[in-house]
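Chains as they are written, first to last, in the working numbering: chain A, 1 to 395; chain B, 1001 to 1338; chain C, 2001 to 2482.
Keep in mind the hints are simulated off the structure, nothing from the lab. Computed from a predicted model, the values in this text were never measured in an experiment. A virtual CB, placed ideally from N, CA and C, is assigned to each residue, including glycine. Please note that a few of the clues may not be correct.
To be verified - Calculated lysine to aspartate or glutamate pairs in the EDC-like style (CA-CA distance at most 20 Å, straight line):
1) A:K348 <-> A:D371
2) B:K1160 <-> A:E227
3) B:K1108 <-> B:E1203
4) C:K2326 <-> B:D1204
Said to hold, decoys possible - Which chain B residues stay away from chain A? Per the calculated CB distances, all over 10 Å, these:
5) M1001
6) V1015
7) Q1066
8) L1125
9) Q1126
10) A1182
11) S1190
12) D1214
13) L1218
14) V1304
15) L1324
Claimed, not checked - One side of the interface only, derived from the structure: several residues of chain C facing chain B at Cβ under 7 Å:
16) Y2051
17) F2251
18) V2324
19) G2327
20) F2330
21) Q2333
22) R2335
23) E2345
24) I2353
The chain contents come next:
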Amino acid sequence: MRKSWRVTSIAAAAALCLALTPDARADGHEVKVGVILGFTGPIESLTPGMADSAELALKEASDSGAFLGGKALVPVRGDSTCTDAAAATAAAERLVTAEGVAAIMGADCSGVTIAITNNVSVPNGVVTISPSATSPALSTIEDNGLFFRTAPSDARQGQVLADLLTERGIDNVAVTYTNNDYGKGLEGSFADAFTALGGTVAISAAHEDGKGDYSAEVGALSASGAEHLVVFGYVDQGGKGIIQTAVDTGAFENFVVADGMIGDTLIEAIGDALNGTIGTLPGSASEGAQMFIDHAAANGVDGDGPFAALIALAMQAAGSADRGAIQAHVMAVANAPGEKILPGELAKGLQILADGGEIDYEGASNVELTDVGEAAGSYKELEVEGGAFVTRAIR
Amino acid sequence: MTDVANAIVLLLNFVIVPGVAYGSQLALGALGVTLVFGILRFANFAHGDVMAFGTMVVLLTTWWFQGMGVGIAPLPTALIALPFGIAAAAAFNLTADRLVFRFYRRRKSPPVILLIASIGVMFALQGIVRLIIGPNDQRLADGARFIIKASEFKAATGLKEGLAIKLSQGLTVAVTAIAVAALFLFLQRSRAGKAMRAYSDNEDLALLSGVNPDRVVLYAWLIAATLAAVAGTMYGIDKSFKPFTYFQLLLPTFSSAILGGIGHPVGAVVGAFIVALSETGVTYAYKKFLRYLLPESWEPGGLVQLLSTDYKLAISFVILVVVLLVRPTGIFRGRVLS
Amino acid sequence: MIRVENLHLHFGGIRAVDGVSLEIEQGSITGLIGPNGAGKTTLFNVIAGVYPPSEGRVFLQDEDITGLGPHQLFHRGVLRTAHEFSSLTVAENLTTVPAGQAGEELLNAWFRRGRVRAQEAEIRARAADVIHFLGLDEVAGERAGALSGGQKKLLELGRTMMAEPRIVFLDEVGAGVNRTLLRSIGDAILRLNRERGYTFCMIEHDIDFISRLCQPVIVMALARRGQVRPAGDRLLPGARPQTRRRPIMSFLIGDGMTGGYGDADIIRNCTIEAEQGEIAVIVGPNGAGKSTAMKAVFGMVMLRAGAVLLDGEDITRLSPQERVRKGMGFVPQERNVFTTMSVQENLEMGAYIRAGDIADPMARVFDLFPILKERRRQIAGELSGGQRQQVAIGRALMTEPRVLMLDEPTAGVSPVVMDDLFDRILEIRATGIAILMVEQNAAQALSIADRGYVLVTGENRHTDTGAALLADPEVRRSFLGG
């Protein structure tokens, strides 16, 4: 589920890139767009799908013939590695200087995204649009308005989660988070929001991913006396290990999880003991989401993925390939006013823009950018019931 | 009274049971290290990865058995795959000895050269394991999961705290007890075992007594491989199999062996339990435990945790450094690691 | 200065030290004598903190130091002589002793190089002084492992001096040292005591040495009831039946052996023979290559020339292990038992190459050394020096060898035990075994020897029967201390 959301965001990000970059290097017939994702590293299993859906969007735009009077968009891949800031910076540097890309779609993980924004994007004036970096730190980064993301900041998720718990009358929790920018950011925003609402964080402890044994961590968490365990981690990593150990030792029976923990493998591993677990996941029940899924299936991309139509629409909106002109256009195509563009309506969007009209790109996840250039984001409130995540409400 | 029972159960559940299971796994590893040191007189850094290698073969065999529908439920299938892992680890150790260690042994190289050679073997083996099975986490356990479930324990005793004992934990302790008993019987009673002890005690005199050094070295490698494969498999069943974790086990393993007195088998076992229980005991937060025992007004404000769990690995490092500084021969007066 | 009150130490059921009380006066040289097994060395170890006592207390000038470890005592100026670091040179051995060297702390080594250098210079100067004091100038640059037994003893004393201690415990500093050297060690101890105010407490077997140096002398009784043989009933060569016949060729011959461990030859054209039912003894001054000659016969030395024959068979190319199988038993001077194994296991290991029942040879060893039967379950490392020597000989006898080679079997044992060991060696000879031994106590050894070899600088100097050598005035003057 997390994956589908990521892919949606990717497509949206790609679409936004294109919206801003027409004619970026317009001398030839091609416009190059950088795609920097962690093709190797801890999320390497997710990236091929993300890249495919981004590239599908670019292809749709090119094929429509309406893009900047018939130009083609060419994706150029770079490897962010997800963890190695130096490698990611070098990859971005290469795309900008050697390949001359008009804009960069990426990166994926928060840490390397911050590095690319600081070291490449800002010095070169290249717009970067991340589909999945959610660290609150990126909201306040000194980016000269060049950084955008179609994923919401975790500050928002922390707030949503805190609201949710308070509404359910839970006021004392133990928190454990994966020891990286994602986990720390989410933990910080959640703790602030929860405390402000009158709740108590009895213990907040980091866990390292990839350990064989989490009994010591769970022991410490349970010693706090809290009855609810909030886990900010990864479903295939330490987060699952923590919940497994907590269930095994009887330390906790009630769990609260954030987006990184929501996945079917968690339910497979833990089983019935997970019933009653609540969580939040970015996303909405929008009309766009279903259209996106249908469209992706039609184009043979991983069932969750394609919304190539959106990309084409966004490209046309830009009209100029100048790197410097990008910022203003991002906001314009993403937000109202204008005709709403849903997945699969790429050609329509391109045409409206070519005709000088306005659009409001909605995509699969109701993309709206806040004034710092990130998705405001809506979240699903989920609860595990009978061995499956069930959506309770949209926030 | 119930409070005391609750406190004891709490400590058992979070410190003693996991500590004893972990200690058993360490003991098997430390015995292998100490035995190789006693006979070959160098610290074998490849031992952790021999554990990974043996466990990998067990894992592959387990998958094969599972594919054929062969199993011994409720016990984990890995147990019947264990002989394959032992054979593979033994084959590896003997190959490494033939290709690397024998060369330096014949040249009578100082222990430090052999130690560094073993680091080379370690890196090579890490590559082999990652090439075959990759660096990721794999699950080794199947079959029943618990001997005592926390919820059942609570229901049965009426206590507030639950006690869970996983099948893998019980199995680990049982297998370790059998392996250690068999090893000690071998060393104390059998002719070959006595020859190994004699060789470890005084190599020159053992040679004068007609002990065949090649045979003793062969036994040492075979036993070390067996212990490594068993230790790795038990760790994998209890937790999970990930090559890097096995490499990390090297530090607590050496701490155990050196704390007990390297070259001293009883010391290795005692050292392993001290290290394991220190790791679980020092990183446990005693707040809830104390709350059961102390009057309400004395309830501790903090977590009463000596060290954050992040520093778990550092504990074995501290033990290692302190032992080397204060009593380099270890508890049972083994040799000094050179 | 040191007061010991009612000290007990038990190893399992064995009472190694059983209620000892004594006092060591400041400025004295206190001698500690007693039969072997009386627990003298163990008492030293308890006072020096190697073992914590089972009962009783130890005071250093009214400070209770019971149970303190050796390094804590070191800092209080209590020192027990320890073995040298064999891989360091003599000079390095001395400079590593003083505690609290500034260079040991890395910070100092970086930031106060001047101070470190000054201190190191001072230590070096002191080491040079000590080397000169002990007459070790010529070997200052040698590795300690390459020194002869007597020079090692001096180095031991030198290491003690470097620490500038308040009280020094000397454990048989004279063992395995020839007369001349013993005298110079004694002089050094006396000078240290008078000129520098050192207090000494020493265990010694040599009564002359003790009576020259020590005031007072404390006599320790056996910790456990044991039997002490009177020294007088030693069997002399003349007392044994004359069954001797001159063979055409000796049973064991090391013929014209030349060789050593590295490039330098330690023995040159050296010939050693031993006959079944006879004792052959190699004597000579320190560094004469006595041990090397015997090791050459056993195949532990690279031979550049010469041959070794056993019962007419050329075994020059065989390894020591193969020679064991041919019927040679060897008892090394040091590290000659498995210290972590029981007495019985030690003997079992001796018979390792024998297939089948070992009850017979073990029974014979127990007949020869009854104490071993009594202690067969005890760990060999806990035995006294003399008992350990018995285990070592017993181990070698388990293969039922035709030749028994002993490298200084009496080094470090008391005169009583030495006499006892010689008696046992005579008993072993009576079984028809050829015995070849190296001995420091030349006079006693030659008195039981059928043949004697006097080696000097790796060459045969005198060869004759033991009695003849004892009677030779030149041998007496040069090697037997007059």
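Each hint, compared with the structure:
1. A:K348 <-> A:D371: violated (27 Å)
2. B:K1160 <-> A:E227: Holds - the C-alpha atoms of E227 of chain A and K1160 of chain B are around 13 Å apart, at most 20 Å.
3. B:K1108 <-> B:E1203: Distance ~13 Å between K1108 of chain B and E1203 of chain B Cα, so the pair holds.
4. C:K2326 <-> B:D1204: Given that 20 Å is the threshold and the Cα spacing comes to 18 Å, the pair holds.
5. M1001: holds (21 Å)
6. V1015: violated (7 Å)
7. Q1066: holds (16 Å)
8. L1125: holds (19 Å)
9. Q1126: holds (15 Å)
10. A1182: Answer for A1182 of chain B: holds, closest chain A Cβ roughly 26 Å.
11. S1190: holds (35 Å)
12. D1214: Per Cβ check, D1214 of chain B is outside 10 Å of chain A; nearest 37 Å; holds.
13. L1218: Check passes; 32 Å lies beyond 10 Å.
14. V1304: violated (8 Å)
15. L1324: Nearest chain A Cβ is 25 Å from L1324 of chain B, so the label holds.
16. Y2051: Where the cut-off is 7 Å and the nearest Cβ of chain B is about 11 Å from Y2051 of chain C, the hint is violated.
17. F2251: With Cβ-Cβ at 20 Å, over 7 Å, it is violated.
18. V2324: holds (5 Å)
19. G2327: This hint is violated: G2327 of chain C lies away from chain B, its Cβ roughly 12 Å from the closest one there, beyond 7 Å.
20. F2330: holds (6 Å)
21. Q2333: This hint is violated: Q2333 of chain C lies away from chain B, its Cβ roughly 12 Å from the closest one there, beyond 7 Å.
22. R2335: holds (6 Å)
23. E2345: This interface hint holds because 6 Å falls under the 7 Å limit.
24. I2353: holds (3 Å)
In summary, the numbered hints that this structure violates are 1, 6, 14, 16, 17, 19 and 21.
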